[in-house]
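If you're matching them up, the sequences are chains Y and D in order. So for the first sequence, the numbering used here puts the first residue at 1; every next one is plus one. So for the second sequence, the numbering used here puts the first residue at 1001; every next one is plus one.
To be clear, the hints were calculated from the coordinates, so they are not data collected in a lab. Do not rely on the hints blindly, as some may be mistaken.
What the hints assert, rightly or not - With a Cα cut of at most 25 Å, we get these calculated SDA-like pairs of lysine to any residue:
(1) Y:K399 x D:K1517
(2) D:K1517 x Y:R298
(3) D:K1523 x Y:Y351
(4) D:K1523 x Y:N211
(5) Y:K63 x D:A1524
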Amino acid sequence: MALLRHTTGEIKERKALTVNPAKTCQPVGAMYAALGVKGCFPHSHGSQGCCAYHRSALTRHYKEPVIAGTSSFTEGSSVFGGQSNLISAIDNIFTVYDPDVIAIHTTCLSETIGDDLLQISQKAKDDGKVPEGKYIVYASTPSYVGTHVTGYANMVKGIIKGFVKKTGTPTGKINIIPGFCEPSDMAEMRRLAAMMGIEIVMAPDTNGVLNGPLTGHYEMYPNAGATPADIATMGDAKASIGLGRWATTDAVNYLDSEFKVPGTVLGLPIGLLATDRYVDALRKISGKTVPEAINFERGQVVDVISDYTQYLYGKKVAIAGDPDQVLALVEFCVTLGMIPAYTVSGTAGKYFEERMTELLKDVPYDCKFKNGEQADMYLLHQWIKNDPVDLLIGNTYMKYIARDEDIPLVRHGFPILDRVGHQYFPSVGYSGALRLLDKILGLLMDRQDRDAPETRFELQM
Amino acid sequence: MSTKPTNVEEIKKELIARMPTKVARKRAKAMTPGAEGGDIPEIQANVRTIPGIITQRGCTYAGCKGVVLGPSRDIVNLTHGPIGCGFYSWLTRRNQTDAGPDGDNYIPYAFSTDMTEHDIVFGGMKKLAAAIQEAYDNFHPRAVSIFSTCPVGLIGDDIHAVARQMQEKLGITVFANSCEGYKGVSQSAGHHIANNQIMKHIIGTDDETPVEGKFKVNILGEYNIGGDAFEIERILEKCGFTLIATFSGNSTVDSFRIAHKADLNTVMCHRSLNYVAEMMETKFGIPWIKINFIGAAATAKSLRRMAAYFEDQELIDRVEKVIEEEMLEVKKVVDEVRPRTEGKTAMLFVGGSRAHHYQELFGELGMEILGAGYEFAHRDDYEGRHVLPNIKVDADSRNIEELEIAPDPTRYQPRKTPEQIEALKAKGLEFKGYEGMIGGMKKDSMVIDDINHYETEKIIEIMKPDIFCAGIKEKYIIQKMGVPLKQLHNYDMGGPYAGFKGAINWYHDIDRMVNTKVWQLMKAPWQSDGPELEASYVAQ
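This is chain D alone, in the form it adopts within the complex (with noise of 0.2 Å):
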């Protein structure tokens, strides 16, 4: 190429131009440049990924027991299957939880039926009683959730009648989800499918446990990957309010039981957790509104929003006070390293909220987004949550349980009247709203749904950004090319990154890999440009 592509028009061709003809077709789909505040443009996002073509994506299981569920640390989380699927989901998360000095946690273990060919052929109902029964009597858990994987389905184990049976027999709770690998087109359908089973089977099973607390809340899609929960939980408590569940970081299954009990849901991963806000809103009367807690502003902001929305003034100042004080150190941290990353260019592509979320942490060094798109995200995130009604459920997304919620006959009760609701919305506090990624971003930035590596690979031969975010299966492929990759699945161990303190470490932790010397070393002094040998060597 003598000549690089420099409209979004241009770059796009150059990342299909390899392609046949149907892939470049439907690839073409999944690009879109920003909308800087203008018309959104419709993005094509969760279809299936096409075979083949490398991509981020994982399955529906890791969706449900990876990323939904795992984190929860007293319930045994049970894999159905051959040894793999529970073998890799066994600790590579990095979802901290504090158990305190006797509390259960499963967390450190994999649970798994080992399904072997026998299973396969003969069935593998006995066996998964027999291994609910054997974690019964060795680890004695308050909860058993059971997982299953691709052949569980193909071979038609009724995995939900087991944990009936089991239930009854043992009397805990045990429940099943039906997450096998190859249902829906990524993570997304596991998230849905982990959704319904916990709407399903324990949010509101315990009315009996008192909730003291004047402003109670829950926190909807949030796993405390790299402690992220533990400084959201520190926040809230500064400010007064009272958290009672968080789906799912750093959670018991105590914790879920009660959740109804809160008066307003907030919603921080709108992909993976908005079902529950939904289905909570509709069983409960507890609204919800989606809140950030990635960036220092973006946490301010939340915390006014809550705030705003208990109407107390007392809460309200003290949420003012807390900002006040935690802005401090943020901005001295800012003023330091800003300098240092200003100008400075980045890509995201991850996730299913985390690639939009991050952008407000760039923001904040002064640091422009060239391109970004979610690995399993659907319209609404890209566009925002106007275009559902609009969105066409395909083949892929009908086989995944759509519950029918209806209101509690007895625990119905609206947190706010419809009146009340107007007039916090007359003063801008947004219900039920996400605004989605593409309306921020501007108009020369690369908007990609579902990233594959040839497309990687162009946009950073073309865009050539100074970091670049995404997870571990790219992480070296991309840094190989001499550009640093900040993974935001697992953070390289860094974090937390939410909230005030993780914003700081956000800071510290770019300016290290954006103004590393590590690049520089890769030509030895004999491969720089220049003269091949000196010329009194070259004599001899």
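With the rest of the complex left out, here is chain Y (with noise of 0.2 Å):
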């Protein structure tokens, strides 16, 4: 009896149907971006299904709250345009909930009918809907065009655009600017800056916001996230890093053009190699020495996979999720030698093949992968169908192919939604690679314990 009873290994050339998406739509992404922005309220330019999907998605992947408002569109706005929605929602928001800033995002109805959001806020702005002292930041997500990950880019870029402000005054921080990743994650990148003594600014920055304390008393705008004051000083920055090609550059390149702010785009920094290059960069860029205590963390990644190389070396590996994500986790795996055997990513773009194909040229396996339409999970699961592997990483959803095929998964990714940990404990950075061992040696090894004979049943492993 397997759960995904119909997949077979045998591969029938798709076009048209995706089974098992390895991605979301872009508003999903969005809204996780403006949470990221202190005192931030989302608001869902759409019918009102969207806002509760996205909400629910983000509350059952990080069990916290997730606020947000939707222009509850009916077929009558689908017709005349949603204008009148979204000036009564901005009015109703402001005097109700009370936020700093409304973070607008549109979905594939408001764009099919050529909703403008530069237009209508500025229409708020000139009807007095918008307080004095208050936001309206915007950024448009049709769900047609890109991915969950896209949606995040452009609303990070628009969360920029809508607060930098050049004063000319530099300030010598530097802009951090993270891509789709964990609160958790946001902290540790927070936390290897300061370590070497560099002064930042962080946005968006959900740490505090989606992994918050239960005190008995409900905080629609936690004490954290990127503060609009802050924000607006990005344009006086020394320098920007954005940690992921595809949720970052964007922003990292609209920084460098409207502002001067030069710009350096590297993936997401986990694994050792990677997170080498976002400490190196960091370096490079502030003038800094790296500290002992950060040569000692990542020493003790390097302890660890020397430890443990036999348990890893040449084991096998399906990875699905996002291109950010997933290009570090291949990355890592090589380090690690393992065999990325499979991979898919939901999420299109060039890089994804030209950085895919730079990982795996020297690894003694014809690996397969496949992203942007059709590079689904199903699709993965036919491949491992035909020969299989040794461990998967993916989100939640993977929880089926691990069952049917008796393979262990690291859970990794969004969503998340049958474990706990990735709000609290990260994946990037030098902690996040041996958290990310942890893991993967736990259970390859549980493995080998569970399918030992008796008579080879090991003490120490």
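Assemble the dimeric complex from its two separately framed chains, guided by the hints.
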């Protein structure tokens, strides 16, 4: 009895049908990014199901409050345009929920009818619906373009565009723009910079927003997130570092072209080498020496890899997820001597193939990978059916493959609906690399323990 | 606020105090006290959600694909639209199903045409047809159902034409639902659309397959969340009923096809499936009664009504025997748990029937209902079906097709004569009846339709319930306030809660939730009231 009982190894070319996607749509990423601004109320300009689905998805992933409003389109607004719905939404939100900022994103509905957020938000201001000292920022995120990753990227750019002012007085700070990753990851990126004594402005920053405490008191706007005042200074920064090519390039380029803030775009700092690149970029840009404490953490990662290589080497892995996450994971697997046999990402982008080819060039296996349309978990599963792997890395939906094929799963990415940890413990940085090693090794060694004949059951490993 | 409002009118004022005037005026009409057996007040329901006001509601697509057709395991439910809608409705509603060792089961799969900009500009019909072909080539399903998302209606894709064309080409049932998210004011419109399409394309399409059994019934509006339908199936079988089809928990398309052979339709969720009940009565002559398997007493009552309908003494006796047997364990657990739950208070703001049904279960634990309301119900679910003729059909309801149903020329066969029906009514069996929520609620309790975030926070602050029932979006907001929230859409992975065994599960789960010690851990020792530091340390 299999859960995905209709999946076979017989691969037929598909051009129109996606089955078990390795992606979702733009607005949820925009909503997530907006939650990383302090005092911000995300608003979904579309029919109310979008907002309900995105809030549900984020709530299930974080087990935390996720607020957002919707323009609640009806058939009438879909025909005549959503302007009046959005203007009354803005009025109602500021009156009833009193945020500092409303971050509006569009949906496939409002984009198909051609609503213009610039024009509508200007009208709201002209009509006096935006109180003094309050802000509206926005991003265009039609669901039929890109994925949740580009939605995040678009809103990050929208946030920066909405607040950044050039005063001409350099702050000497470095802008850190995290890719689509966990609050715990953002905290870890910040910690590494702090260890180097570097002053940064991070935006967005969901740490403290989506991993908050239980106090008996509900805070609609937690005392966390990037403040509009801090974001405003990003145009006077010394440099920007974007951590995630898909998720941050637009924002970094915007700061570069509009405000002459030189930008560097790196991948997400997952794994040893990617973290090296992040730390090295911080070092080069700031001119600061990397402290011994960071070298120590790095050394611990190398130490564990050397201690446990025999359990990792040659193990085959199948990975699904977002390209910024997946490319970093593939690199880390290669670092560990593992074989990233199959990789899919629903998010398109030419760099994916280029980078995968580069990462896999010395891997002694005919690895398969695909991104963009029809690069889904169904295809990944079909590949596995034809030649199995030792480990899966991906979101919770992968657990169906894991159970059917009896392959251990490292939960990583979005969404994780059935385990705790991602909110609190990073997978970026050297400490994140240790955590990933802990998870990967734990699963592989548990499997060895489970499957070993009694005569060969080992006390020490 | 120095003094807390004490009566319902004062509470209502407090809930809307901060709203802009127009909003406050509209929201006030959606709030009323309970009737407690007295005159039932009118409540505003099934009207547009106010933009920007944080609502619990979802969309028409969610009601159609997510709720009604999603739980059918052997239909390939194909979302025609950008990827999001298909992704979010993928396995998220906990519709359990049992396909056996080799039956078809597509529930763990998400199927989407993943429309991109090119499809929006040039139309998506070709891609849809190709996707159906690919679904057929890969999965060989016996039926495909298409669901349109928002942009599909706007760009004018004729999904019904594609369905007809592919049905002809493939020789399997292919039908489409125009359930764009913006239609209607909530999920409710989507239920209606799904009802229409099931009625048009599936129900009654198999006259050949014989159905054995003396007491043949269908259950309408039961989705097997957490295994509810499994428990109901167990009980019905034990009583001697033959369950032909459940719409749509643990269902198959073949069971829908022969549903017209039942002699009684029982309606569990009135909101989502009453349309099929009405249409099947008109077309096939099958009467329907409202039943409720949430609550041990309500389950017993429903079984008795079903037995009474068939007027068979053997069945009536067998039902009594089952109730007696099942109630032994129920009573044992109630006796054990009730001392710990008695007098505690609850609120239920959720769904379109659950906020009413679950009051039964709280009642069995001796708990008091302080407030309740639906997320997407209509006035008849609050006030009772007698208000139906008085409900004004507004623009949002008018754009949902009302099928013209006539008695089937060959298959219409009234199961009871008018005289028999009258005789059964005289014995207390109500047909086509649903009394709604408000009548049974206390005068000092609040009934609020489509409660929003602000009102939720306020009403908890004022009335301080021991437990609150809603959905995933509300769960952690309310728990941050130190109040446990029981999800009544997905049961917090618990259940079943239906039937006798379900009631027992519920008693245990609510006992745990209202008596857990976790809420006492919120303050660290140094955050408690009292002296900041001990004198000896201060002196240093």
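Each hint tested on the structure:
With a CA separation close to 32 Å, the supplied pair K399 of chain Y and K1517 of chain D exceeds the 25 Å bound. Using a Cα cut-off of 25 Å, the hinted pair K1517 of chain D and R298 of chain Y is violated, with the two alpha carbons roughly 41 Å apart. Proposed proximity of K1523 of chain D and Y351 of chain Y is contradicted: the alpha carbons are some 50 Å apart, above 25 Å. In summary, the hint linking K1523 of chain D to N211 of chain Y is supported, as the alpha carbons are separated by about 18 Å, within the 25 Å threshold.
Under the criterion of a C-alpha separation no larger than 25 Å, the hint pairing K63 of chain Y with A1524 of chain D is consistent with the structure, at around 22 Å.
Checked against the numbered hints listed earlier, the structure breaks hints 1, 2 and 3; every other hint is satisfied.
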